[in-house]
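> Between the sequences and the hints, there should be enough to build the whole structure, so can you do that?
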Amino acid sequence: MSGSTTGRSGSGRIVRGYIVPGMPHVLLAPEKSAGWSSLRASFGRLRQEIEESGADLLLLYSTQWISVIGHQIQADPKPKWVHVDPEWHALGSMPYEFRMDPEFGKACEGAARARGLHARTVAYHGFPIDTGTVVALKLLDPENRLQASVVSCNMYADRAETLVLGKAARDAVIATGRRAIAVAVTALSNRMFTSPIDPANDRISSLKDDEWNRKILEILGEGRLEDVSQLAREFSSQANGDQKMKAIWWLASLMGEHNDYDGRVFDYQPVWGTGAALVGLTASTKPAARLEFDEEGVESYSGDRGVLATTTGPDASPSAPAGNSSNERASADPSGRVAREKAGATISSSGAIRTDAAPGPVGAYPHARRVGDFLYLSGIGPRQAGTNEIPGGPVRDSAGARCDYDIEAQTRATIENIRTILESAGSSLDRVFDVSVFLIDMARDFAAFNRVYAEYFEHVGATRTTVEVRALPTPIAVELKVVAFAA
Amino acid sequence: MKQGRIVAGILAPHPPHLVYAENPPQNEPRAECGWEELRWGYERCRKSLARKDFDVLIVHSPHWRTFVGHHFLGVPHFESLSVDPVFPNLFRYHFKLDVDVELAEAIEEEAKSAGLETQMMRNPDFRVDYGTITSCHLVNPSWDKPIVGLSSNGAYYYFSNEVGQAQMTALGEATRRAVEKSGRRAVVLASNSLSHRHFTVEPAIPEDMSHEHSYHHGQYLWDMRMLELMKQGKGRQVADELPDFIDQTESEMKAGSLMWMLAALGFPDYPAEIHAYGTVIGTGNAVVEWDAERAPAGVRV
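The listed protein sequences derive, respectively, from chains A and B. Numbering-wise, the first sequence is residues 1 to 487 according to the working numbering. Numbering-wise, the second sequence is residues 1001 to 1301 according to the working numbering.
Do not take every clue at face value.
Computed list of lysine to any residue pairs in SDA-like fashion (alpha-carbon distance at most 20 Å, straight line) [to be verified]:
{"id": "1", "chain 1": "A", "residue 1": "Lys481", "chain 2": "A", "residue 2": "Tyr456"}
{"id": "2", "chain 1": "B", "residue 1": "Lys1096", "chain 2": "A", "residue 2": "Tyr456"}
{"id": "3", "chain 1": "B", "residue 1": "Lys1096", "chain 2": "A", "residue 2": "Gly126"}
Because the hints were derived from the structure by calculation, they are not lab data.
Following this line, the structure appears as structure tokens:
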């Protein structure tokens, strides 16, 4: 059982992970369908594993606990209620009394905020705990042997936000010394029948969904959790994955973003047309497999956070309203600019490079990424770090009217920004070997641009491509994308 | 028995912030102020309804989500605590309410006859959703009228907005027929906001109005377009443009409440009264009344 973290901080770990369904049929009416009954029995096998695992925390992410303002973490020590599902009320009521781990919840909240997420704990009598959580906890740990912690599923969260949430949970597990079992409460394919059915004849609602479910389960059975995480978008698109399979992103991130697990598919059955599976994942003793991922991991979140400030434009730095939890690591000066506690570049484990000394990205991408001996920079323009001012002036004013601007000043500022990023990553301008140039007005700007470019690159000998584009994302006239040798 | 009728329709959005800012005795959290435009609009709406003779509020809420058919509250009395799962810091409301089960059953039967999937909710442990509670409180805080509660079926909108609209039209027309047969005088409530992109962070003081504004200008323009159509009495055009509006603004009207109400009102061709428009965490909200009894003759648009 979990108690105080005293004396075990920093020694925590994820003991194993499970994927389980959260439909109430398995809890309330298993006798009505052979499939539901089978799932109920399989839950029993998981329960036994959990009892024998030595774990002290059940850490859940439920796709049925929807949040819209960041993420919420249950921290009521003893939530108690009689729950009725809004859809499946005819199946009966679900009285519950759980034993939550508020100390871990607080740690998780802090870890999430430290990674840039908006998060808060909730501890209110009568808070509506979702059906998925109730079903999972009542079937996995009916006697409340372990404390539990539950994290919400933000309906608007993207992959990056969800991955970071998983990493924050991992941070909290390690920091608090918990031995945690991670449970993703989610369906696979999620196309319910929309008319009454005979439960005895329940089936996956389409053959295509069934095939996708089986494919995913085959991969999970091989322990390749990260591969499934990478496939989540495709799966969701094809089989209407439950909440876009965010629970898989969370689980894979929490468990370390790799494929080296021993996987076991305990069961796979339909519940009212949806795909319901119980899967177990434990760390493997197999040698690490080579990973070829399409999408990189994300270490911190810097999403849509400046919207409360009425002066915030699309390019402005996020402001920090007093007490805004998502920006607690930042401090605002009188002009609203935000200074990070830690200046300079950060390099993630995947090689993504970010630096406060360069203008902030206007999308979900780093300033640069190191791949082997090469540095790939994102497209860089002349905006100034912190202020977003454009040397030489913008090409359009705030009303969209065309402005006169100085292409030479913009070009110099652009190249200086590139220099800053390269040097923050340990490289330099003279290591650049390929340049792509984007100009919005070739006839007007090319000659002047070319003169300034030569000042910096004539001796470097980098290859170059120059094209005209109709517009760039911010009101600038020039953007460069470079590839360089790393230090 | 005299023929019943729908005497008014109210677009009655349910941001819990409005109840929070009002500090009613039923709600646990306390506020200093906030969202006055909308709250004062609801005051005007209540004054208008006070002049009306009606028996029941029929409310369609997006926060009672169902997929297998349209569900209807079928228990005569509920008494519980409603805690908003998204804003539990703002809304923990102790409620007691009565349900007009006879009318609910009549609407359910009428809807079933129209080919819709329907179901009565008979579980006494069921907790009425906070959208229903909020809209009903804001329209009738004395709770002296029974309600009929309808769920929001999300399955149809899964296929397309147009399929959803067709379903909600059928449900609205079934509601009107059932009310007419019942002899009741009913007010119908569509518990929907307008545009629904919202902030993903909160200010430290929830009612700090210096942070409240429309999420973006495009969303505001769409809201104004819909309200202008309502003011001009172009109910049919509102319905026709709803699918685009929903797509462009992530509107909560995807839950079908407004379409249901417009259909129940017979797609009003008389001007609506805009009691208020304001934003809540960036979403557009309006309190709008269609007075079915005072619709001026000869002003059909």
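> Let me make sure I understand: some of the numbered hints might not hold for this structure. Which ones are they, in numerical order?
Number 2 - this is the single hint that the structure violates.
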